[in-house]
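Peer 1: For reference, the chains in residue letters:
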Amino acid sequence: MAEQKNSAPMQMPRVMGRGGPPPHARMGMPAEKPKNAGATVKRIISYIGKNKYLLFALLAIMLIITLTNLLAPFLQGLAIDCITLSDSRLNIDINGMITYLLLLGGIYLISSLLTYFQGIFAAKLSQTTVKVMRNDLFKKISYLPIKYTDTHQHGDIMSRMTNDIENISNTVSQSIASLFSGVLTLFGCFMFMIFYSPMLTLVSMTSIVLTLIVTRTLTKFMRKYFPMQQSLLGELNGHIEETVTGYKTVASFSREKRACDDFNVISDKLTDASIKAQISGGVMGPCMNVIGNIGFLLVAGVGAYFLIIGFNPLALSGAITVGTIQAFLQYTRNFTRPINEIAQQYAMIQTAIAGAERVFEIMDNPPETDEGKDDSFSVENVKGDINFKDLSFSYVPGEVVLHDFDLWIKSGQKLAIVGATGSGKTTVVNLLTRFYDIDSGSITLDGQSIYEIPKKKLRGSIGIVLQDTVIFNDTIAQNIRYGKLDATDEEVIAAARTAKVDEFAEKLTDGYNTVLTEGGSNLSQGQRQLIAIARAVLADPKILILDEATSSIDTRTEVYIQEAMLALMKGRTSLIIAHRLSTIRDADKIVVIDKGRVAEAGNHEQLLAQGGAYAKLYNTQFAGIAT
Amino acid sequence: MRKVIKYLKPYWLIALLCPLAMILEVSMDLIQPQLMSDIVNFGILGTAPADENLRYVIQTGIYMLIFSLIGCAGGILSAAFGTITAQKLGNDMRKDTFEKVMHLSFQQTDKFTTGSLVTRLTNDITMIQQFVAMSLRMFVRTGMQFIGGIACLLFLNVNFGLVLVISLPIQLIVVTLIMKRAAPLFGIVQDKLDKVNSVVQENVTGARVVKAFTREEYEINRFDDANTALMETNMKVQKLLAILNPLLMVVMNASVMAIILIGGLQVEAKSMEVGSVMAAVTYITQILMSVMMVGMMFQQVSRAMASAKRVKEVLDTDPVISDGSSAQAEITQGRVEFKNVGFYYPGTAGKPVLKDIDLTVEPGQMIAVLGSTGCGKTSLVNLIPRFYDCTQGEVLIDGVNVKDYELDVLRSKIGVVLQKSELFSGTVAENIRWGDNEASDEEVKNAATIAQADTFIQGFNEGYDTMISEKGASLSGGQKQRMSIARAILKKPKILIFDDSTSALDLSTESKLHEALRSSLSGVTVIMIAQRIASVMRADRIAVIDKGTICAFGTHSELMQSSEIYRDIYYSQMKNEGGEQNG
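Those sequence lines, one after another, are chains A and B.
Take the first sequence: its position 18, counting from 1, is numbered 18 in the numbering used here, and each next residue is one higher.
To convert a position in the second sequence, counted from 1, into the numbering used here, add 1000.
If you are wondering where the hints come from, they were derived from the structure by calculation, not from laboratory data.
Mixed in with the good hints, there may be bad ones.
Unchecked claim - Derived Cβ-Cβ restraints for the label pairs, each shown as a range:
1. B:A1306 <-> A:L566: 48 to 58 Å
2. A:L113 <-> B:E1313: 40 to 50 Å
3. B:S1522 <-> A:K457: 57 to 67 Å
Said to hold, decoys possible - Far from chain B by the CB rule (all over 12 Å, computed), these chain A residues:
4. L59
5. D81
6. L186
7. L298
8. P366
9. F388
10. V418
11. E491
12. S524
All residues carry an ideal CB built from backbone N, CA and C; glycine is no exception.
Between the sequences and the hints, there should be enough to build the whole structure, so can you do that?
Peer 2: This is the structure we're talking about:
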């Protein structure tokens, strides 16, 4: 890993920026605004559409609910009209009223029952949609080339998986319902209003115009301050993450005060932006209230006037009654409500779409290619004869890491690679495992190009122990079992013995069942490496790669496991990368890599006798011993 | 909760204004239906001449407009006051918590775990903020709507009370029953979400291993399990909540119908106006809605309580390691002495990591510490800058117990290069300047040169101004180590500690580093933990640690004679060639 990073240390940050590929993705300053909202929405809908029947059932239910909700005020109006039907004095048609009330009750019951199903269906729809989306994204991440995880901030990928998907989930479950029923309600209310009185409808439209104006002005503010709040929040979280995880360094440099000062500055800025954002959001409610009241007044006033002069042109419902006005007023309310709701969810929908875009951005990355079609390749029959020929490779175009690289590792050979930091040692491993693909030349395994071998089989025949050990949040036994999922307990313990994991594992209270914390912080670096070695032992691969696998293990323990390592390497092709010459001296062949090509090759004695780079390295290590 | 109230104090005036403004808004809201009903009763249905009726409508309408504008102002003000209070309070709390975290001792941060500290500082505080804003506004609002609504309804006609007596208890029971069952589920949802996140985290950071072992499908299945569990728990919550709404709607609508019926009878009996029935419908809706709101808020309250508890835990933790008493103590020489030192990690039931350590390092000496994996080397050096305190004996610097120094004084004279290099976002130069903010460009370059970092830094396109991406992910281990070393050198410490921090350097680079250290840092006491014999051989003395005690101490040649373990280590690295080299 070291080399590959070395080779292009500064190109990467530029590619990565502070925010991964899409510039707007992380702290991406002002724009939480989606780039191509239309296409993204279409894609979200196609995800929702995977549950076609559920979706249609939900829409049907919502349609009925909206209808019942529209009918209710109508019936209420009729019921109240029973009180006021006669002209001169108040008269009550109790029978009629009870009939209407019973009807109303029936409608309410139906709508309640349906609301329950709506709730269930909507939850089911959003949950399954999001589950599928999460699974798809994870699958995608699993099959992305290593290059992607190497060049993208892990925090960013994580946040897409969690925050962004969570936003989509909330929006799907909340907004779809309110959008759909909102549009239906709008339409239905409008129809009823026209039915009652086209003139009054016209009057109440003024309040709609007002609503639109207010929402537009307010969203302008919200669009300015909400993203600012988001980006500052990101900055603050970044600072917290960095200082808290790097706390040891902070403490040893007595930087606590400085860290607090920096923190306070960001925290204050965030508070400021948040206050502005929240207030601009909080103004919406009261303003809508006023507008609602204005609408009410207009309708009441004009309605009263019409009532008095008996004027209701173009109306299908006949002359205006008190019941008409009552019903009309309710419809006006119902009419403005969905507009408010949509306006209030506007910011949320925008964020969700922007989030979806980030999710799809990962999904649209080409997965790891696998042109290996030779299914007849059998892992069991691998002999392990590896040949690098005329190879050239660069991580970043123009910065060659390996060139004219030739290396032949014979079957069963134990080959060590030595070289200065940045000379390209790890790159050899990256290419053999096809984490990265060569620019030109060829790599063959048993005479067959590795590009013809399915990746799964290629990697299945290679066991690899890396410098940066990966420990999963699971028991020691499970961590070792990662090498061979169906291994029995006995096999696991045997592998543990070989790698000397038993030495410390058996001392722990829970033994092999001790759960390791993420990053394995309850183990020393060396102990983690031993577990990684046990994993490779259990995997029992044809080809073994040890990339600085013992760098954190003290040399005595190393000698201790040396025997096991030798046994492990016996009969396999082994590739060892190490700084420590003691680790590699026994190799059948040692190659020194310098400036991207093989500079020297031979066994220990030969190379020492040559007096070249290897001899120099060797003597540096033991300089002064004789004196 | 008391903690939250304490933080509320500085803003009590604004905090008080918020509900006051809210009261204004709600009272205006409560007057509205009354006015509306008047408009219907006396304006539209009035017996007076038509134009007078119209005038009445207009006149009352103007009142209504004025009241609603006042209400609007009240609403905006209370939103503003509420937001300001919540944000400022959260800000104060966040700053205090962060400062607290910055001064916790390692054993305490270990206990909390960094991940949890980050969540406490971010999510939990946001939760509390939302809660404060909500309680200032929503509680007052719903409370007033509830009480005011009842008052107004009864004022309209006492008989409406009958509806309330029946519908209110039903409503309350429904809400409490469902919320009681939902509350524990919220916690479970959080746990399941954590699981999902941790699988993703492991896969992103461990991508190479997953791929190398071709475990993609296995991981996808593992993720699917976690994901499905999350979805199922979510569904449970949603199903429960899905019952709530329709049930409440049934109660509410039944009440509305009852009001219309009762109202109708009253109107017939001439004891009520039609408009009042309409007003009553509005009031009962308000009352029952407020009960529903309380139910919804309950969910947030229980979450905020949990968050407040977590933040309080941090705030109430006093650092175990604090400044010593002798303020005038200074480190001038850099003599380090361990006297009969013993140590065990807190919470490990006294299982000793170190015992009976006696060691003196003279000023300017270079001491190497050697020993097997997990033998206690790091624990030993951690005692010097008081990352941990020894549990037995004492550690002295220049004859003064480290516990007596002020922490800043102590740590400012000790440079530590940790096993794991931690870099921070900023430029290369800024990272090195951690050692000394005031350092000139020359000094920075000089420190980097000693640390063998200058050459590769110069190789970057932007040299010392190159931005380090998060935690230096794009740098190799060796590069990170050398930058950490430069950072420690720039500090001009009296004591410099290397905790196995040259492991990723190739040998020739390491030997150059040693030479540079020798020539540029004479007079600085160096304590160096290492694995490679070549790294330790140049030291003045070498301490070999085995099972928590110093089993051998001396120069290389002395140890070759006297210490079997040292010889073992030596030969493990020299092996067959060793003899030949050694002559």
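Peer 1: Where does the structure disagree with the numbered hints, that is, which hint numbers, in rising order?
Peer 2: Those not satisfied are hints 5, 7, 10, 12.
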